[in-house]
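Chains A and B, in that order, give the protein sequences.
Numbered according to the numbering used here, the first sequence terminates at residue 251, and the numbering increases by one at each position without gaps.
Numbered according to the numbering used here, the second sequence terminates at residue 529, and the numbering increases by one at each position without gaps.
No lab work stands behind these hints: they were computed from the structure.
Here a beta-carbon is modelled for each residue, glycine too, at the ideal position from N, C-alpha and C.
Please note: incorrect hints may appear among the correct ones.
Stated by the list, open to error - BS3-like mimics (lysine-lysine), calculated; alpha carbons at most 27 Å apart, straight line:
#1 B/Lys271 - A/Lys206
#2 A/Lys87 - B/Lys262
#3 A/Lys135 - B/Lys271
#4 A/Lys188 - B/Lys298
#5 A/Lys41 - B/Lys433
#6 B/Lys433 - A/Lys30
#7 B/Lys271 - A/Lys188
#8 B/Lys295 - A/Lys135
#9 B/Lys376 - A/Lys14
#10 A/Lys30 - B/Lys330
#11 A/Lys15 - B/Lys295
#12 B/Lys369 - A/Lys15
#13 A/Lys87 - B/Lys330
#14 B/Lys369 - A/Lys29
#15 B/Lys295 - A/Lys188
What the hints assert, rightly or not - A few chain A residues that face chain B, going by a derived Cβ cut-off under 10 Å, partial list only:
#16 Asp11
#17 Gly23
#18 Asn24
#19 Phe25
#20 Pro33
#21 Asn45
#22 Val46
#23 Val71
#24 Phe75
#25 His78
#26 Met88
#27 Ile190
#28 Lys251
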Amino acid sequence: MKQSTLDIAFDQEKKFAGYCRTGNFVRLKKTTPNRLPHYRKLVFNVIDDTLQTAYPLTFGLLTKPEWKELVNDFFGTHNCQSYQVWKMPYELYQYVLNNRLSIKQKYPQLLNLLLFEWMEIEVFMMEDIETPSFKTSGQLITDDLILNPEHFLLATEYPVHYKKAKEISAADKSIYYILIFREPQTGKVIFIELSVLFAWLTGQIKTTQKSVYQLSKEASKVFNIPQQQILENSQSFLNELYQQQFILGFK
Amino acid sequence: MNQFAGIGFRKDFANEFLEKKLLHPSFIEVAPENWMGIGGYWKKIFKQVAEQYPVTLHGLSLSIGSDDELDWNFLHQLKSFIKEYNVQVYSEHLSFSKCDNAHLYDLLPVPFRKEAVKQIVRKTKQVQDFLEMPLVLEVVSYYTPIAAEMEEHEFINAIVDESGCQLLLDVNNVYVNGFNHKYNAYEFINKLRLDKVAYIHMAGHEQVSEDLIIDTHGQPIIDPVYDLFDYTVQQLPHTVPVLLERDFNIPEMEEMLFELNKLENICQKHWKHETINA
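Modelling step: build the complete structure from the supplied sequences, incorporating the hints.
As structure tokens, then:
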């Protein structure tokens, strides 16, 4: 078989796929007139619907033409790698992150918002992580704690977790810490805003496996806060995390 | 419990599948891409449902018809999933959904050409060897042929003969294609390798213009499609599982039950002394 003959089927497929991704007209061999646009419409609708469902806050923030342009540019130029359509929206976040897009200047909160919305999906859907065995009774301050492993600690520059996206302005720029985790029994995703001290403490509990009492000495130096004050403030914070099942129990 | 007719597992009706108040499908079908590698709430539910019903898989992302090489990472995960849930049927679409290393998340028609047959046969054999089970390929609906140099049934039969795969006969697709491309759906079915049919799908569609039907899976099955199904069942040399598909405009449970029962009754009418052969 000649190479030219071999190539026809796949050359036509590539042109067809390109048309479905961009909407730019192509001429294909032996097609039924006026039928190709149905494919562009069907393919684009899947992408657009999936992204709107994944990013309802971002969809509400952008104007309709801005949203359409973003989705169109993303799908037309980015090669989607996930075979699971529910993971495809993360690739939109990566696309916005890695490309110079004027829309990021207009909406400085855009990247934070996309990541925040994606994290809810990610935490809800991610594979189960085995939890080490733990005791259900103990002291939150002095015992070593077992944390819910199905969590992320997110740092953002804009308060996308509590303020309407359209009302966020440059004046809101700061550092915000959001703890996102999956409730073990229900699978529900919980968001808790953390102060910088508690974000640091949470990270340290996870990585050093020291008790809060042990960590409070170091925290006192890092944040220049008396150790006793840290311990007093930590008690109610730890109680809340325990009730919400972020702290599962004790080693 | 039905003997032949199953239904696509839907999150909307998860409790109904667990409580079995109305629906009694003989099996459930899921897209592996939607259930592999997940955890949390839906993993728990799926495990419970899979303990109660046999599971068939209907894939979306294999893209058997494109020039891209197979995704071995996907296939490894798929094989584990098949083993975990003791899956007996893995079907996919005789189409392409990935091109130039980019997923399209929809099913596009493959040119009916010899070079496409050759490529599909090669990839199908690779999949079958790796999964250690036959691949069941679906006759897809399409709205235009592209660069065809052979008849659709010749294309399908060549792939079946050369790869050793089995066929998923979507009766609604054949009806839709017959309407859209002006051929006789009954004659088309007679030209297929019916001894290789391992699975049947049934669904609704939507006529969007005088000469075009879109395969939406969003409407009730119409009587001419039931008639074609009744005919097909009589032509098959053996029994197969039959799936009711409904992906959009999800109706009340009673309507789904009506359609499921109707399919089961047609199967029972013709296959009452048979056991399922899948």
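Next item on the list: Let me know if the C-beta of isoleucine 190 of chain A comes in closer than 10 Å to any C-beta of chain B, holds or violated.
Entry: violated (12 Å)
Note to self: For the restraint on methionine 88 of chain A, tell me whether the closest CB of chain B is nearer than 10 Å.
What the structure shows: Since chain B brings a Cβ to about 7 Å from methionine 88 of chain A, closer than 10 Å, the hint holds.
Next item on the list: Closer than 10 Å between Cβ atoms is the bar; does lysine 251 of chain A clear it against chain B? Give me holds or violated.
Entry: Violated. Min distance 24 Å.
Margin query: Would the hint on asparagine 24 of chain A be counted as holding, given a Cβ-Cβ threshold of 10 Å to chain B?
Written below: violated (15 Å)
Next item on the list: Compare the distance between the alpha carbons of lysine 15 of chain A and lysine 295 of chain B with 27 Å, and conclude whether the hinted pair is satisfied.
Entry: Violated: lysine 15 of chain A and lysine 295 of chain B sit about 42 Å apart, past 27 Å.
Next item on the list: Report holds or violated for the interface hint on phenylalanine 75 of chain A, using the least CB-CB distance to chain B and a cut-off of 10 Å.
Entry: holds (9 Å)
Margin query: Next item in the hint list is phenylalanine 25 of chain A. Is there a CB on chain B closer than 10 Å to its CB?
Written below: At 14 Å from the nearest chain B Cβ, phenylalanine 25 of chain A fails the 10 Å test, so the hint is violated.
Check: When you check the alpha-carbon spacing of lysine 295 of chain B and lysine 188 of chain A, does it fall within 27 Å?
Finding: holds (13 Å)
Next item on the list: Sort out whether lysine 330 of chain B lies within 27 Å of lysine 87 of chain A, counting only the CA atoms.
Entry: holds (20 Å)
Checklist line | Proposed proximity, lysine 262 of chain B with lysine 87 of chain A (alpha carbon, max 27 Å) | finding: The hint holds at about 18 Å.
Check: Does the structure keep lysine 41 of chain A and lysine 433 of chain B at a Cα separation of 27 Å or less?
Finding: holds (23 Å)
Check: Within a Cα-Cα threshold of 27 Å, do lysine 433 of chain B and lysine 30 of chain A meet the stated pairing?
Finding: holds (16 Å)
When each numbered hint is compared with the structure, violations occur for hints 1, 3, 10, 11, 17, 18, 19, 23, 27 and 28.
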